[in-house]
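Participant: As you go down the protein sequences, you meet chains A and B in turn. Take the first sequence: its position 449, counted from the start at 1, is 449 in our numbering, and no numbers get skipped. Take the second sequence: its position 287, counted from the start at 1, is 1287 in our numbering, and no numbers get skipped.
Hints are supplied without guarantee of correctness; some may be wrong.
[Claimed, not checked] Calculated lysine-lysine pairs in the DSSO-like style (CA-CA distance at most 30 Å, straight line):
#1 B:K1071 - A:K72
#2 B:K1213 - B:K1071
#3 A:K412 - A:K472
#4 B:K1071 - A:K70
[Unchecked claim] Covered stretches of chain B, going by a simulated chain A footprint (3 or more residues, C-beta under 8 Å):
#5 1155–1167
#6 1170–1176
#7 1186–1193
Hints were generated in silico from the structure; no laboratory data involved. Ideal Cβ positions, reconstructed from N, Cα and C, are used throughout, including at glycine.
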Amino acid sequence: MKFTAPHIEYDLLSPILIVLAVAVLGVLVEAAVPRARRYVVQVSLSLVGIVAALVAALLVMSRINPTSDKPKSGYLAAVDALALDGPTLFCWVLILVLALLGVLLFAERRLEGGVTAFAGQASALPGTEAERQASAMGLEHTEVFPLMMFAVSGMLMFPAANDLLTLFVALEVLSLPLYLLCGLARRRRLLSQEAALKYFMLGAFSSGFFVYGNALVYGYAGSMQFDNIAFAVSSGSGSEALLLGGMGMLAVGLLFKVGAAPFLAWTPDVYQGAPTPVTAFMAAATKVAAFGALLRLFYVAFGGARWDWQPMFWIIAIATMVVGSVLALSQTDVKRLLAYSSVAHAGFLLTGFLGARSLTDIAPGDLNPVQAVLFYVTTYGLTTMAAFAIVSVVRDGAGEVTQLSRWAGLGKESPLVAGSFAFLLLGMAGIPLTSGFTGKWAVFASAASAGAWPVVIVAVLMSAIAAYFYVKIIVVMFFSDPIGDGPSVTVPSVMTSSVIAVGVAATFVLGVVPGPLLDLLGRTAQFIR
Amino acid sequence: MSFPWLSVMLFLPIAGALVVMVLPGAGSALHKQVALGTSLLTLAVGVALAIRYDSGSSAAYQFTEQHEWIKSFGAHYALGVDGVGLTLVMLTVILAPVVILASWNDAEGGRWSPKAFFAWMLALEGLAVGVFAATDVFLFYVFFEATLIPIYFLIGGFGGPTRARASVKFLLYSLAGGLIMLASVIGLYVESARHQGGRASGGATYLVTELAKIDFGTDVGRWLFLGFFVAFAIKAPMFPVHTWLPDTTEAATPGTSVMLVSVLDKIGTFGMLRFCLELFPEASKWATPAVVVFAVISIVYGALMAIGSDNIPRLIAYTSVSHFGFIVLGIFVMNSQGLSGANLYMFNHGLSTAALFLVTGFLISRRGSALISDFGGVEKVAPVLAGIFLIAGLSSLSLPGLSPFVSEFLVIVGAFSYSHVAAAFAVSGIVLAAIYILFMYQRTMTGPTRDEVAGMKDLGTREVAALAPVLLLIVILGFFPKPLLSVINPSVDHTLERVQKHDPAPEVPLPTSTGSSLQEGAHE
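Sequences and hints are given; from them, build the entire structure.
Facilitator: What follows is the structure in structure tokens.
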């Protein structure tokens, strides 16, 4: 048997390859560069790598002519394993922008008085002499940067994956570094390690479902390729039970990643326990990657079986919105509250996802569901990132203060920070003139166009409930009097500040002039098969 | 491209708000002067606009501006006013300087620096102009929700002891209504996209003029109507979704209450007219009996609650519930008297309530208590205050000769030609109004002067100057409502045409030349 070397389009895949190369180089840096200089080398390496990957991604994007009226649909690369079309490339750019902001948050040192927010020595047990020594010596784990780069490479592959195996590999590549990063908090380490373990256990469990789903779908279609699966679905040749079981199990794996009901149990604990920069990055970027993948898998591979999976997603979307909004009401911790709010937002995103309908039903110029979901995830990602960045600057002597009651009167102490946070919260609540409103409008309109009226009604009611807990935070910050030992805002370095500024600016700009981005998405949001 | 009058009136106050924010706050009155100057400048632009308005024009909207905003959503930045829009825009720009002047020192004791108060006030003025001038449903919705934010901070930042709770209650009620409306707004998009085949331009659109051409069909139209109507009923506020209003006015400063009740609550009734009747005429007729019942309940219930209130701002809030009942009644009886009366009522109620809130605000701040039972015999120590209080109160109870009389009379005439029973109940609102106003006046102003109010100072020059224009307008429009009616009536005719209702033919044969005497009566 003759072995043919696969043809790899290095130019098209350059963004992924650059990020992977930076990750590998980062590991080498850990081995070769003296400890004192590692921070600077790692941070600059990561920044340069991400910017280079971003430029490469934009170059690839320019090849499909996104500004013309009839853009190219895209390319299939690496022997059809990866599909580089409009949605993929948009996700790439978005993930890389979020990663860039993430690196800035990871590299923040001023808040902890000269060290990063990560454990000095992760192997030292919490509360032991070794831990004290590590922190006295000012040790810090610079491995977080290569770990993050590995996660980013997985996230880039995830929405591009065009067969089930690639999808699974990407899922693991993006997940494993994140599990590790979650356990590396410098403060409240037991909570952080518990979060990491919980995330890992549940994540591994859901991966098991995912692989099983892979196997079932392979049994149904005789192929891992999305277009072959789509062909099998439309010809309806295989066993219906295998298809339904396979789709259900694949959905479990993906819905776990986006934190949808009923697979959301990990979200609050992990969001709370993980170091805040990791939470920020994870909350924003993972959702982009996971929704990119979810859209491709269900629209491309299972598009023909729409009538089978849509009822399931109706129920999941409703349950996710209800659970996220209602449970958020009773939260007293800002990070947990934002975690439940992220669950609610996953539900709103799923509402947009329900807008699936056959291409002939979508007239040119109409809002299409891919466009709506990608737009929403953009607005949500940037807003959330800035919100968590603000959480990381509200501190007292023992680190971040996340109890909501202790934020009382923050508006008086630090009007700028509290004002920015209030604006971001209004954005998440979907008040007009913020990006949250345009995003919400897009996903609701997408669902309504496909006739999912009951879901839209639930969605607006849940938006009203969600507004309550966002407003509650504003009331605490602005209309309550400060308590005695309240936290104060530590002035961060320019890195965290710029993340906050970018998030606030994006929340405003995408709320007032969303047109250009929506148009871009409208022209390019077509999947290649 | 003509001069963008409405955009100027929209953005001038917002720009002023930004300037006020960057000015030095403490120890200087500059920010107040800038705020007052901005609002006066906006008023000047408004007056120029009103003079240029051509009430004989056949165009649906004047001073129109239209730019594509978000193509994928079919949303436009489209402004324009008809007669109703113009009167409400004018009401907004008239009341803003009045409120700013009257609230000169109200913000000092607030949680934040007073400049935040004036900045939010100006922002609110600009956004309110936007609401009344928007001719695109999406743009209207954006402004509708955006106005909540300034008022929320005005209540929560500068109000009384219960302000935090009141501001949240206000915001949640309004947001809940707004989000229900969002479902209908999205429904409009879906329907517009579905009906696009008939139009060459392609794509969905939110322009009111385009949407009015769509026949939504019975079921869809009724659902969409309900979404809009519920939001507007909360905003207006109608029984049984009015409970946020008394709580809010109790906590807010008088100036905030004026902007809320006199201006923002008009969005509710304005919306019923502009969107419910204009876009869904069939569904509006379908809903009329139920709406009329709720309107009549609002009239009577609001008045009864007002009689029972000891807290003055709560009392005024309940009177407004009653008055909004009249406005809604006038709108939904769908005849020319009712509609003219309702439109006029929106303007006049704005004036009389503003006067009442502001003058009682002066009274309350002097005594440090808002309870009627804490006052007595004020007219002896503060005769000017008492006199203005009496005029404001009499205008609120629609004394003939003061402007609200004309509108209330027209509404009741319209109600009689719709249903004698409804009108009979509505008339009781007038009697009850006399009770709550005169009873309040009697208990606070007359009788032996209580010790606590013995040292009360009368109104100062600033306070009189703030109230004078409002009182003047109340008196002038009471005797001479024609300018207002001549602006409003073309819009009324247009609305009647939309709902395809005509005034009932007179039962007595009349000479042809005066065949529409009822209508003439309304127009003059």
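Participant: Going through the earlier hints one by one, which of them does the structure break, listed in rising order?
Facilitator: none
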